[in-house]
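Colleague: Spelled out, the chains give:
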Amino acid sequence: MFIAVRDLVHAKGRFLLMGFVIALVAYLMTFLSGLSTGLISNNVSGLMALPVSHFVFMADDRPTFRSSLVDRSMWEGWAGQPGVRRSTPIGHTTFNGRGSANEPLEFVLWGLTPGSYLDPPVAEGRPLGATENGVVISRLLAQRGVKIGDTITLDRVLTELEVIGITSDERNYEHAPIVYAPLAKWQEATYGPPGGAPPGEKLPAVVYEYCSAIALDLDPGLTPAQIAAVDEELGTTTLTMAQSFATSPAYEVEVFTVAAIQAFLVVTSAVLVGAFFLIWTIQRTSEIGLVKALGASNGYLLRDSLGQALLLMVAGIAVGIALALATGLAIQAFAAAGFPFQSDPASAAMSGGLLMLAGLVGGAVSIRLITSVDPIIALGRDR
Amino acid sequence: MTLHIDDVSLVLGDGDQKITALDHVSLRVDAGQLVAVVGPSGSGKSSLLACVGGLRRPTSGHIRLDGTDLAALGPEQLTTLRRDRIGFVFQQSNLVPSLTAVDQLLLTVHLRGRRPGAADREKARGLLRDVGMDHRENRRPAELSGGERQRVGIARALMSDPALMLVDEPTSMLDHTRGRQVIELLARECHQRRVATVMVTHDPAMLESVDRVVSIVDGRLSETPGAGHAAH
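Sequence order for the protein chains is A and B. Take 1 as the starting number for the first sequence in this note's numbering and just add one per residue. Take 1001 as the starting number for the second sequence in this note's numbering and just add one per residue.
Okay, chain A solo, but in the shape it has when bound (with noise of 0.2 Å):
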């Protein structure tokens, strides 16, 4: 690399503004991972959070939470079933509501049974089933401002929650925060009469009898084959905690528009590094040919080249990402909460593998061009 080595310095001004551009790129490379992770985990953490292999639906092609129903036949069955280590069911639903100062809050309830495998970390406060009708709510929700002691009113239903916890960490599906409530509370709201019972009465016992979906802790050992038929026999489908994260609408929308975003990064900087370098190539050939002349062969001039590719690539994937994680930094510390971003260093450095792989995808396109180059070009044009 004698010569690549004092070309960088010699033509620093090209090199700079091309280093600039692959920083540029790495950059937005690194901070869109910390976007996609940010936004992951900002949609479905709280089903990232749980110690579950498997959620269980009703029999569905495309399963829901929102549109699951589960009957006790079915968490009972499977429940039981050789290969399950824990099961509970869950309830799901979406519901608006008030807080205490009358401020519309929107947010999941998930309705456990106390005491489960489930059972939310809880920070600060009481954990889920200290009160008959007392909810955990997800930090998310306390950071915009709901307190212990609180009393959250569901609209419609008019059941009212009160706050006794707060989860350690952040749990959210579909972008809004979970609120946790004991499963027969959870089956009132949802299939019991506005207002709850009538006084002194009790609610019929077939809204007990269901819920939106079960959560397993299976057996590694399980095949799919063996799930499916406990599915067929019972008239549900599982699915996989990572197949679980698109039951979420806008999961899968934006994983695949951060993903489009970053291939198209990756093969634009391939066609970039590539074009500059067959400038710069082009430029050079008369140097090439000298050199040539002079007794180089390919292989030196091509480990020169590559090596001046290379270390132009790592200079500036090196700039960008260290600039891209400062800057992931300085947002987790000023930012809103909830702002979807999560530094994510190891996608960081993928991202910057890929970058580096495209970059030498594009310097390979010279290597024709520099092998290509007669060293007869060094004498002057006369025969």
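Calculated directly from the structure, the hints in this document are not laboratory data. Hints are supplied without guarantee of correctness; some may be wrong.
If you only want the chain B side, here are some residues facing chain A, beta carbon under 8 Å, derived [to be verified]:
{"no.": "1", "residue": "LEU1055"}
{"no.": "2", "residue": "ARG1056"}
{"no.": "3", "residue": "GLU1076"}
{"no.": "4", "residue": "THR1079"}
{"no.": "5", "residue": "THR1080"}
{"no.": "6", "residue": "ARG1082"}
{"no.": "7", "residue": "ARG1083"}
{"no.": "8", "residue": "PHE1090"}
{"no.": "9", "residue": "ASN1094"}
{"no.": "10", "residue": "SER1098"}
{"no.": "11", "residue": "ASP1103"}
{"no.": "12", "residue": "LEU1107"}
{"no.": "13", "residue": "THR1108"}
{"no.": "14", "residue": "LEU1111"}
{"no.": "15", "residue": "GLU1169"}
The structure displayed is predicted, hence computed values, not measured ones. Where a beta carbon is used, it is the ideal one built from N, C-alpha and C, also for glycine.
Got chain A sorted already, so can you dock chain B onto it with the hints?
Modeller: Here is chain B on its own, set in the frame of chain A:
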């Protein structure tokens, strides 16, 4: 150290476009001898240099450098031969734009797969001193005049202790005085270092210090009596 050019012909193009660039050329150049090949534009001078330098294969005939027949060498071996045995001085010197004068010389060490050491640096500086360029060793080509570039080019050609030096129109961009100085320098180095040297030029002036002058016209070589100091 001798160059033998033996009955070399070079035909370029094909069909009606055939051009005989070299027509049964024979020439012998001994170590320490500077031979000038003089001819007008298009006479075949550059073709002669290209063939002798292993950049183009003759259609027929043989070129031997110290007994090595260039025709027997493959492309990679020719590249190695150029690197190790032949020193080129190109038109307008043809230096690498990003390298300083001393780096131009050290590049030839690099091309042989070695990192230049202290001895190489010392040798490069010595050569630049010999051609009167030691005070400009850290300048890049853009900062040098045409004559200075040509001097660096000569020093570079000598860096690998070549058996043969091939010089292409060394004076084409220089005025008369500077051109004469460059040719005197070439003659001195050629004699001192015992390098067989072939110089092609279209300019029949300033050839007082060369040992022998041959003319080339339409690819045919002929001795020019009375020119060069071998004839004196």
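Colleague: With reference to the structure, classify each hint as holding or not holding.
Modeller: Going through the hints against the structure:
{"no.": "1", "hint": "LEU1055", "verdict": "5 Å, holds"}
{"no.": "2", "hint": "ARG1056", "verdict": "6 Å, holds"}
{"no.": "3", "hint": "GLU1076", "verdict": "7 Å, holds"}
{"no.": "4", "hint": "THR1079", "verdict": "6 Å, holds"}
{"no.": "5", "hint": "THR1080", "verdict": "7 Å, holds"}
{"no.": "6", "hint": "ARG1082", "verdict": "4 Å, holds"}
{"no.": "7", "hint": "ARG1083", "verdict": "2 Å, holds"}
{"no.": "8", "hint": "PHE1090", "verdict": "6 Å, holds"}
{"no.": "9", "hint": "ASN1094", "verdict": "5 Å, holds"}
{"no.": "10", "hint": "SER1098", "verdict": "3 Å, holds"}
{"no.": "11", "hint": "ASP1103", "verdict": "7 Å, holds"}
{"no.": "12", "hint": "LEU1107", "verdict": "6 Å, holds"}
{"no.": "13", "hint": "THR1108", "verdict": "6 Å, holds"}
{"no.": "14", "hint": "LEU1111", "verdict": "5 Å, holds"}
{"no.": "15", "hint": "GLU1169", "verdict": "6 Å, holds"}
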